[in-house]
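Chains A and B are the protein sequences, given in the same order. Counting from 1, one number per residue, gives the positions in the first sequence under UniProt numbering. Counting from 1, one number per residue, gives the positions in the second sequence under UniProt numbering.
Keep in mind that the hints were calculated from the coordinates and are not lab data. Please read all numbers here as calculations on a predicted model, not as lab measurements. Just so you know, even glycine gets a beta-carbon here, dropped at the ideal spot from N, CA and C. Mixed in with the good hints there might be a few duds.
For lysine-lysine, the following BS3-like pairs were computed, each having C-alpha atoms within a straight-line distance of at most 30 Å [to be verified]:
#, chain 1, residue 1, chain 2, residue 2
1, A, K61, B, K61
2, A, K214, B, K214
3, A, K276, B, K28
4, A, K340, A, K205
Beta-carbon label-pair distances, calculated as ranges [as the list claims (entries may be wrong)]:
#, chain 1, residue 1, chain 2, residue 2, range
5, A, G197, B, K304, 42 to 48 Å
6, B, F220, A, E33, 26 to 32 Å
7, B, V18, A, T287, 54 to 60 Å
8, B, V18, A, K187, 32 to 38 Å
9, B, D208, A, E215, 49 to 55 Å
10, B, K24, A, F283, 46 to 52 Å
11, B, K219, A, K294, 48 to 54 Å
12, B, A111, A, G197, 46 to 52 Å
Which chain A residues face chain B? A few, computed with CB under 10 Å, are given here [what the hints assert, rightly or not]:
#, residue
13, D234
14, P263
15, F268
16, S342
Residue-level listing of the chains:
There are 2 protein chains.
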Amino acid sequence: MSFNKQFVLAQRPKTNIVPGETFKITQKPAPTEADLKDGQVLLESLYISFDPAMRGWLDDKRSYLPPVQIGEVMRALTIARVLASKSSKFAAGDIVTGTLGIQEIGILPEAQVEKAFDLPSNGKLTDLLGSLGTTGLTAYFGMTKIGMPKSGDTVVVSAAAGATGSVAAQIAKIAGARVIGIAGGEKKRKWLEEELGLDVGLDYKAADFKQKFKEATPKFIDVYFDNVGGEILDMALGRAATFSRFVMCGGISQYNAETKAGPSANFFNIISQRIKMQGFIVFDFITEYAAARKQLAQWLGEGKLKREETIIKGGVASADEAFQTLFNGGNIGKLMVEVKSSEQSPRL
Amino acid sequence: MSFNKQFVLAQRPKTNIVPGETFKITQKPAPTEADLKDGQVLLESLYISFDPAMRGWLDDKRSYLPPVQIGEVMRALTIARVLASKSSKFAAGDIVTGTLGIQEIGILPEAQVEKAFDLPSNGKLTDLLGSLGTTGLTAYFGMTKIGMPKSGDTVVVSAAAGATGSVAAQIAKIAGARVIGIAGGEKKRKWLEEELGLDVGLDYKAADFKQKFKEATPKFIDVYFDNVGGEILDMALGRAATFSRFVMCGGISQYNAETKAGPSANFFNIISQRIKMQGFIVFDFITEYAAARKQLAQWLGEGKLKREETIIKGGVASADEAFQTLFNGGNIGKLMVEVKSSEQSPRL
Numbered sequence: 001m002s003f004n005k006q007f008v009l010a011q012r013p014k015t016n017i018v019p020g021e022t023f024k025i026t027q028k029p030a031p032t033e034a035d036l037k038d039g040q041v042l043l044e045s046l047y048i049s050f051d052p053a054m055r056g057w058l059d060d061k062r063s064y065l066p067p068v069q070i071g072e073v074m075r076a077l078t079i080a081r082v083l084a085s086k087s088s089k090f091a092a093g094d095i096v097t098g099t100l101g102i103q104e105i106g107i108l109p110e111a112q113v114e115k116a117f118d119l120p121s122n123g124k125l126t127d128l129l130g131s132l133g134t135t136g137l138t139a140y141f142g143m144t145k146i147g148m149p150k151s152g153d154t155v156v157v158s159a160a161a162g163a164t165g166s167v168a169a170q171i172a173k174i175a176g177a178r179v180i181g182i183a184g185g186e187k188k189r190k191w192l193e194e195e196l197g198l199d200v201g202l203d204y205k206a207a208d209f210k211q212k213f214k215e216a217t218p219k220f221i222d223v224y225f226d227n228v229g230g231e232i233l234d235m236a237l238g239r240a241a242t243f244s245r246f247v248m249c250g251g252i253s254q255y256n257a258e259t260k261a262g263p264s265a266n267f268f269n270i271i272s273q274r275i276k277m278q279g280f281i282v283f284d285f286i287t288e289y290a291a292a293r294k295q296l297a298q299w300l301g302e303g304k305l306k307r308e309e310t311i312i313k314g315g316v317a318s319a320d321e322a323f324q325t326l327f328n329g330g331n332i333g334k335l336m337v338e339v340k341s342s343e344q345s346p347r348l
Numbered sequence: 001m002s003f004n005k006q007f008v009l010a011q012r013p014k015t016n017i018v019p020g021e022t023f024k025i026t027q028k029p030a031p032t033e034a035d036l037k038d039g040q041v042l043l044e045s046l047y048i049s050f051d052p053a054m055r056g057w058l059d060d061k062r063s064y065l066p067p068v069q070i071g072e073v074m075r076a077l078t079i080a081r082v083l084a085s086k087s088s089k090f091a092a093g094d095i096v097t098g099t100l101g102i103q104e105i106g107i108l109p110e111a112q113v114e115k116a117f118d119l120p121s122n123g124k125l126t127d128l129l130g131s132l133g134t135t136g137l138t139a140y141f142g143m144t145k146i147g148m149p150k151s152g153d154t155v156v157v158s159a160a161a162g163a164t165g166s167v168a169a170q171i172a173k174i175a176g177a178r179v180i181g182i183a184g185g186e187k188k189r190k191w192l193e194e195e196l197g198l199d200v201g202l203d204y205k206a207a208d209f210k211q212k213f214k215e216a217t218p219k220f221i222d223v224y225f226d227n228v229g230g231e232i233l234d235m236a237l238g239r240a241a242t243f244s245r246f247v248m249c250g251g252i253s254q255y256n257a258e259t260k261a262g263p264s265a266n267f268f269n270i271i272s273q274r275i276k277m278q279g280f281i282v283f284d285f286i287t288e289y290a291a292a293r294k295q296l297a298q299w300l301g302e303g304k305l306k307r308e309e310t311i312i313k314g315g316v317a318s319a320d321e322a323f324q325t326l327f328n329g330g331n332i333g334k335l336m337v338e339v340k341s342s343e344q345s346p347r348l
């Protein structure tokens with residue numbers, strides 16, 4: 001009999017996720033082929049996605065998904081391998097993506113599983129979660145459907161060294177915009193300029209950040225792609241150009257706050273500068289995923305889209321470490337936990 | 001020689017406009033026909049418009065119009081009569097609208113003056129500033145271009161007993177929406193239900209306002225037309241429906257605040273509920289004024305659009321009283337100061 005480690009919600013965090021307290025790791029006998037019903041697949045996890053939005057799934061409030069319940073396995077996107085199948089759509093050995101959660105082995109209905117699509121020649125298996133996965137798609141739809149940067153526009157992206165921000169910033173560069181990326185710390189700042197090729201990288205922890213932010217936006221901001229909320233959002237509102245678009249993607253600065261804050265002093269620039277501020281969730285665009293992935297894969301193959309990833313090895317047992325890394329700004333690019341490595345990458 | 005009373009900015013208010021301090025009334029020899037240059041008209045003021053947005057013109061910051069400077073006549077929209085003209089477009093006696101400011105007599109270039117359009121049979125001269133003027137147009141464009149209510153939608157309008165809000169709420173009713181209007185005090189609340197025919201009137205000063213607000217929006221809010229900002233905006237975000245539209249028209253609760261606040265606890269519903277929050281200024285739609293006025297005039301003529309007005313008699317000397325009335329919520333409908341009454345209403 002094999003065992004299944006699961007990362008289970010033990011109590012709702014009031015602010016930060018507390019290692020060993022918010023979640024408990026449990027170990028139970030793993031499900032087997034014998035447990036499968038028609039149309040289901042048995043999956044083993046290879047990589048688990050860690051994203052700031054997951055923090056929101058822990059709050060017991062109306063949102064775009066129901067909250068994870070106490071005692072449930074934490075929801076997470078994963079890359080997995082089919083161990084056994086009672087679905088005509090999948091066979092043992094298939095590499096798939098699905099919301100298997102933070103556990104080693106589990107069962108999903110076929111409708112919640114997607115076969116891995118073919119990757120470009122320089123693609124990696126983990127791109128299925130990252131640049132070509134939900135992360136890349138989030139950046140793509142946010143930037144192209146709401147931000148809509150034109151050549152010569154000034155675009156500012158917060159958390160630009162993060163998984164979504166880094167892709168969003170590069171999509172704006174591809175559109176011909178002047179792109180300013182904001183991240184925490186000199187290492188990330190340099191990475192934005194030197195690796196991603198953004199026009200300006202800004203370190204929000206630097207003493208002269210406000211001054212540098214102003215200097216970097218002499219023609220104001222046409223598109224602001226927000227992943228952080230809080231003070232930086234307020235600063236961006238203060239530098240917003242007339243008819244600018246604010247793409248509301250995330251608000252990591254507020255996710256762990258007991259009392260959540262919105263923008264303040266500059267909020268009413270939304271009227272005086274006629275700003276369009278719009279929130280979105282990637283699956284609003286599910287019917288356009290295929291076309292978007294094709295475009296992202298082409299850019300990745302051409303080297304126009306670079307991606308970084310931070311992979312924590314250690315499986316489900318390292319999930320607490322992964323959350324701490326995520327909310328302490330410890331990762332550059334896409335953060336994942338490796339449960340089991342796989343040599344098997346689907347190729348174009 | 002005749003004299004011209006002017007209401008002149010003496011010092012910028014930090015918070016509230018202070019009677020006798022923020023502005024000074026001066027009296028100078030009035031300009032005459034002899035002062036006119038080619039293309040200019042000499043105007044005498046009949047009615048002066050008082051609108052919450054005027055408070056924003058006093059702050060020395062980047063906005064949609066340059067701030068009024070210390071020593072300048074306060075900017076204001078007016079209905080005026082042409083006393084003399086060196087423009088081929090206007091003749092003495094014409095009734096016009098223009099930004100003559102808070103003064104009795106002044107000169108404007110012809111490009112800044114518009115001839116009064118014909119009113120429906122039940123129209124009043126003051127409709128040129130109110131329901132068919134900038135106020136009505138603001139409500140019209142905000143509601144139809146951004147709010148876009150459909151039949152059956154739940155629409156909430158703040159400051160619904162005000163000049164703009166009352167028109168906006170009625171436009172939503174005409175579109176077939178269920179309309180909830182918010183205003184301060186039982187008198188206004190009743191007026192919203194009994195005179196305007198809104199589905200629900202809410203008094204934000206009532207002790208049970210929060211509870212009543214929730215009860216009035218069981219299917220959440222599809223369109224929120226905001227004139228107030230602050231706490232009520234935050235409450236509306238908390239009750240926002242998925243894919244709702246937030247029409248950002250004004251923020252009167254914040255105009256006099258030394259430290260301006262935006263929405264707070266519920267701000268990030270903008271993401272989870274995919275809200276589109278958009279600011280606008282009426283003159284963004286200047287090319288569509290004629291068509292919009294025609295529609296508003298038709299509704300007014302048919303009795304579908306009701307309007308109230310609060311007129312303070314006393315001319316320029318009562319401008320301070322008018323500002324106090326405006327920011328203390330003393331008016332229902334459009335607030336104006338009468339400088340000189342006129343029997344002469346342009347008729348259809």
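To see whether the hints hold, each was checked on the structure:
1. With a C-alpha separation of about 38 Å, the suggested pair A:K61 and B:K61 falls outside the 30 Å cut-off, and the hint is violated.
2. Annotation: proposed proximity of A:K214 to B:K214 is violated, straight-line Cα distance about 41 Å (limit 30 Å).
3. Annotation: proposed proximity of A:K276 to B:K28 is violated, straight-line Cα distance about 45 Å (limit 30 Å).
4. Simply put, A:K340 and A:K205 have alpha-carbon atoms about 36 Å apart, too far for the 30 Å limit, and the pair is violated.
5. For the pair A:G197 and B:K304, the supplied restraint of 42 to 48 Å is violated, since their beta-carbon distance comes to about 58 Å.
6. Look at B:F220 against A:E33: about 45 Å separates their beta carbons, and that is not inside 26 to 32 Å.
7. The hinted window of 54 to 60 Å between B:V18 and A:T287 holds, with their beta carbons roughly 58 Å apart.
8. Checked against the given bound of 32 to 38 Å, the beta carbons of B:V18 and A:K187, roughly 52 Å apart, lie outside it.
9. Separation of B:D208 from A:E215 is about 51 Å and conforms to the stated range, judged on CB atoms against 49 to 55 Å.
10. One distance hint, 46 to 52 Å for the beta-carbon pair B:K24 and A:F283, is violated here, with the actual separation near 60 Å.
11. As the Cβ distance of B:K219 to A:K294 is approximately 39 Å, the hint placing it in 48 to 54 Å is violated.
12. About 47 Å separates the C-beta atoms of B:A111 and A:G197, a value consistent with the hinted range of 46 to 52 Å.
13. The restraint placing A:D234 at the interface with chain B holds, with a minimum CB-CB distance near 8 Å, inside the 10 Å limit.
14. Taking 10 Å as the C-beta contact cut-off toward chain B, the hint placing A:P263 at the interface holds, the least distance being around 5 Å.
15. Given hint, A:F268 at the interface with chain B, holds; its Cβ is 5 Å from that chain's nearest Cβ, closer than 10 Å.
16. The beta carbon of A:S342 comes no nearer than 33 Å to any beta carbon in chain B, farther than 10 Å, and the hint placing it at the interface is violated.
Consistency with the previously given hints fails for numbers 1, 2, 3, 4, 5, 6, 8, 10, 11 and 16, ordered from lowest to highest.
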